[in-house]
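Q: Residues per chain, in single letters:
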Amino acid sequence: MHPWLLAVLGGVLVGLSAVLLMAMLGRIAGISGIASGVLAESDRAWRIAFVAGLLAAPLLLFAVRGDSGIGTPVVRWPWMAVAGLLVGLGTRLGSGCTSGHGVCGIARLSPRSLVATVVFVLFGMCTVYLVRHVLAGAGT
Amino acid sequence: MKILMALAAGLLFGLGLSLAGMTQPAVVLGFLDVAGAWNPQLLFVMAGAVLTTAVGYRLVWRRSMPWLATGFALPRATRIDARLLGGAALFGIGWGIAGYCPGPALVALAGGIGSVGVLVAAMALGWWLAAQWQARTSNRLRG
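Each protein sequence line maps, in turn, to chains E and V. With the first letter of the first sequence counted as 1, position 132 gets the number 131 in numbering that gives the first Met the number 0; the numbers rise by one all the way through. With the first letter of the second sequence counted as 1, position 106 gets the number 105 in numbering that gives the first Met the number 0; the numbers rise by one all the way through.
Worth double-checking, as some hints may not be accurate.
Here are the computed distance ranges between Cβ atoms for each label pair [claimed, not checked]: (1) P2/E <-> G111/V: 36 to 42 Å; (2) L59/E <-> I2/V: 24 to 30 Å; (3) L108/E <-> L67/V: 21 to 27 Å.
Selected chain E positions facing chain V (in silico; Cβ < 10 Å) [said to hold, decoys possible]: (4) G65; (5) G101; (6) P110; (7) V118.
No lab work stands behind these hints, which were simulated from the structure alone. Glycine is no exception: its CB is placed at the ideal position from the N, C-alpha and C atoms.
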C-alpha cells in the first residue's frame, strides 16, 4: 500500500482511538496529558493501561508482519536529551501536544488548540530549517 | 472494564501511529523540512485523524455521559496566553530537533533503542519540572 494511503488509514485509527476514549472514559486522547499524569496524579490506572497499549502496538505489528514500524533516530543521544526536555516542558506548559491539540482540539474546534498547533508546527519547521539549511555541517 | 478500554484505545492509537509512519523520525522531519525534500505524509495522518475524531466526538456527545464515567472531561481553558504560546514554541523546537512528539516517542520506546530511552526520560523530566514550576507560580499567585 502507498505510504500516503497507509497514513490516512493510520490517522483514522488514531481518530477511532480518540473517539473510543471519549465514548468510554469521557477523556481527551492527549498523549502528553495522559502520560505525564502517570507520574503525578491520583487517577493513574487507566493512564498506565493506555501507555501500555501504545508500547504493545509495535510489538504486535512485529509479531504479525515482521516489521515494528519503528524508525532509526536521526540525531545522536545528547540531542535526543535536549529534544526530549523541550518536548516535555513545552507540552506541559502549553497543555498539549500533536494529539491533544492537533487532533482532539482541532476536532473540537478549540481556538486555543488551533493556535497552539500552528505555533508548534511553525517552530518545528523553523528549527528544521535552521538545522538542515543554515547550520548544516556545523555538526549535529 | 475502564482499564481494558484504555488499553484498547492505547493499542489502537499506537497501531495508527506506526502504520502511518509517524514512528519514523525521518518522515516527521521530512514534513517539517519545507525548504528541502518536503514530505506531506504527516498531513494525511492529521486529515484522517481529525475528520474521524470530529465526526465521532459529535456522535458520542449525543449521549449525556460516557459509558464508563460520570461526565465528559473537556478542557475549560479558553484564553490564548503566553504560557500556551511559549509552551507550544518550546515543544515545536524540541519536535524539530529530533522528530519525536510524545506519542511516537512512547511507541518507539518499545523498540529498545537507547537514545529513544534518553529522549523519553528527558521528556518525563520536562513534565516534572514544568509541573513543579506551575505549582510554585500558582502558590505565589494565591499569596
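Q: Evaluate each hint against the coordinates.
A: Here is what the structure says about each hint:
1. P2/E <-> G111/V: 36 to 42 Å: At roughly 24 Å between Cβ atoms, G111/V and P2/E fall outside 36 to 42 Å, so the hint is violated.
2. L59/E <-> I2/V: 24 to 30 Å: Distance hint for L59/E, I2/V is violated at roughly 18 Å.
3. L108/E <-> L67/V: 21 to 27 Å: 25 Å, holds
4. G65: 13 Å, violated
5. G101: Hint holds; G101/E Cβ to chain V Cβ min 6 Å, cut 10 Å.
6. P110: 7 Å, holds
7. V118: Cβ of V118/E sits 4 Å from chain V, so the hint holds.
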